[in-house]
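Asker: What follows is the residue order along each chain.
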Amino acid sequence: MKIVVLVKQVPDSGAERNLRAEDNTVDRASANNVINEMDEYALEEALRIQEAHGGSTVTVLTMGPERATESIRKALSMGPDGAVHVLDDALSGTDALGTSKVLAAALKRLEPDLVLCGAESTDARGQVLPHMLAERLGVAALTGARKLTVDGSQLTIERQTEEGYEVVTAATPAIVSVWDTINEPRYPSFKGIMAAKKKPVETLTLADLGVSADEAGWAGALTTVASHAKRPPRSAGVKVTDDGEGGTKLVEFLVSEKFV
Amino acid sequence: MAEVLVVVEASGGTVKKVSLEMLTMARALGTPSAVVFGDAAGLADKLGEFGAEKVYVASGDDVESYLVAPKATVLAQLVKDVQPAAVLLGSTQEGKEIAGRLAVKLDNGVLTDVSALEPDGTATQVIFAGSAIVKSKILGGIPIVTVRPNSLTPVAAPVTPAVSNLDVAVGDADRLAKVVERVAEAKGARPELTEASIVVSGGRGVGSAENFKLVEELADLLGAAVGASRAATDSGFYPHAFQVGQTGKTVSPQLYVALGISGAIQHRAGMQTSKTIVAVNKDAEAPIFELADFGVVGDLFQVVPQAAEEIRKRK
Ligand SMILES: Cc1cc2nc3c(=O)[nH]c(=O)nc-3n(C[C@H](O)[C@H](O)[C@H](O)COP(=O)(O)OP(=O)(O)OC[C@H]3O[C@@H](n4cnc5c(N)ncnc54)[C@H](O)[C@@H]3O)c2cc1C
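Residue numbers (numbering that gives the first Met the number 0), protein chains in the order written: chain B, 0 to 259; chain G, 0 to 314.
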């Protein structure tokens, strides 16, 4: 089985993140840039499928600036065979719809049986990409999986819903997006880190993919961020130390705010 | 005025609050029309009460037995037919997924997690763990947006809706992901997490699944939903479905009570926009106190039972 894992580099969700004053895009220069956490679960799932099904390959696919190379190497150190990096100055400013166009073009070229990705990225949190790709490629999308079973070309996922959960099936080729409940990603071993340095990373431009520059980037974007502002930080209110009456005081506060 | 399509979220034969919020939002943009996927029986009255002049219904096996693709196909056809001023969907997994497909079908931009939408199409989004507000816009095309629950207060504006059935004409490409089983898990009588006006959450400090009864007890006394931090769900204290935060649910209630939660940035991502925040934590330096309107530094096993007792007394 040929597996492609989509990996996005994002600013660390555990640190302060900012937008740039000049163009309202994510400030990546000042951020600690990491692999989108959810994508690590997709990588892990891909590697487990590879281990269980002989003859499978796992390729990482990333679209992003030069600096995304660090995340590609980090992903490769977990064990995938190689990576494809869509890298083009004209990609700057690409929105979700444009991203799906570019990645769909790359996936057409790679012809995977299975595409795995995180259910959402920690910076945009859109959850739109897997279905956008499926729509463009005419393949199934099984999204938000907390469990994935592969039986030949038959895929079955379990996904959490508001009511409980549902079981959904599809045949390959398909896209499966995963939540962090699906597995526990491995840490790269020292051997893995050394091996990653020598693994092939193919770089593709928009021209290589047959996508014209005005379909991506700022030129192709159908959404724009007009302005941004820091949300005023919440200010701390009253803090009392429990002296045996903490619970009562808490309720008094709730009463004063009419919650009780 | 042009129609504004509102894709209805319903559960167990009741319209979810976010749908009423969207109808309220839609009235400022045009004439609201509700779109119901599945059984509309019992929903139309409620939708009319909040201003839906029309209710479009698409039901049958094709829409109900596959993941979102057929819904997006039906919706895209409806958009072509009625040329709406905007399409509003809930910012839920399904709402976002339908929106994504619709955007590709119509080659139209899409904005998710929108908390306000101006008549000129300017959308407000709160991003980065609640630390920044952006104003975004869809260029050309119509606003296709998913609306974050609890962003506004639903206001009734009763009309008698005209209900009509939509043709469901979908192709094989829409029938690739088949739902073979739906398992309902007992939810009890508590309000739904994302829609609740009060949420009481427990973290690692709660210590065990057994101890979560304390959290539930306080929640029930307040008529609240129960939430949990990731440390609590990962430790198996409480089901993942109730996780609040970056990789869980985003809640925006009137009151959020955090019990034994440190207030990590990823947790804050899911609750920072709550109107009032109350915290109980034994560590006076816990970051959760930086955002709490009222904080008690103390042992939750002392403070929470006492608070519960006090509420009972006052009732
Ligand atoms: C990409 C990513 C996504 C994440 N997504 C989420 C998410 O969606 N939601 C989320 O919550 N976290 C998320 N996290 C994890 C987050 O970083 C924290 O690890 C987590 O929120 C900690 O949960 P906690 O506050 O319950 O536990 P801790 O940080 O361990 O805090 C426990 C608190 O309980 C207090 N305490 C202990 N005993 C008592 C007692 N008897 N009485 C009173 N107080 C007590 C302690 O003082 C402490 O402050 C994410 C992390 C990453 C990297």
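Among the hints, a few may not be true.
Lysine-lysine pairs mimicking DSS-like chemistry, simulated, CA-CA at most 30 Å apart [to be verified]:
#1 B:K257 x G:K45
#2 G:K274 x B:K238
#3 G:K274 x G:K177
#4 G:K186 x B:K257
#5 B:K146 x G:K136
#6 G:K212 x G:K274
#7 G:K16 x B:K229
#8 G:K281 x B:K238
#9 B:K1 x G:K177
#10 G:K16 x G:K212
#11 G:K79 x B:K107
#12 B:K229 x G:K45
#13 B:K238 x G:K104
#14 B:K146 x G:K274
#15 G:K136 x B:K229
#16 G:K312 x B:K257
#17 G:K134 x G:K177
#18 G:K177 x G:K136
#19 B:K257 x G:K15
#20 G:K281 x B:K257
#21 G:K212 x B:K238
#22 G:K274 x G:K16
#23 B:K238 x G:K314
#24 G:K177 x G:K79
#25 B:K107 x G:K104
#26 B:K257 x G:K212
#27 G:K15 x G:K212
#28 B:K257 x G:K314
#29 G:K274 x B:K257
FYI, nobody ran anything at the bench for these hints, they're computed from the structure.
Given the structure is predicted, the values throughout are model-derived calculations rather than measurements.
Asker: Any hints this thing doesn't respect? Which numbers, in order?
Answerer: Failing hints, ascending: 3, 5, 12, 13, 14, 17, 18.
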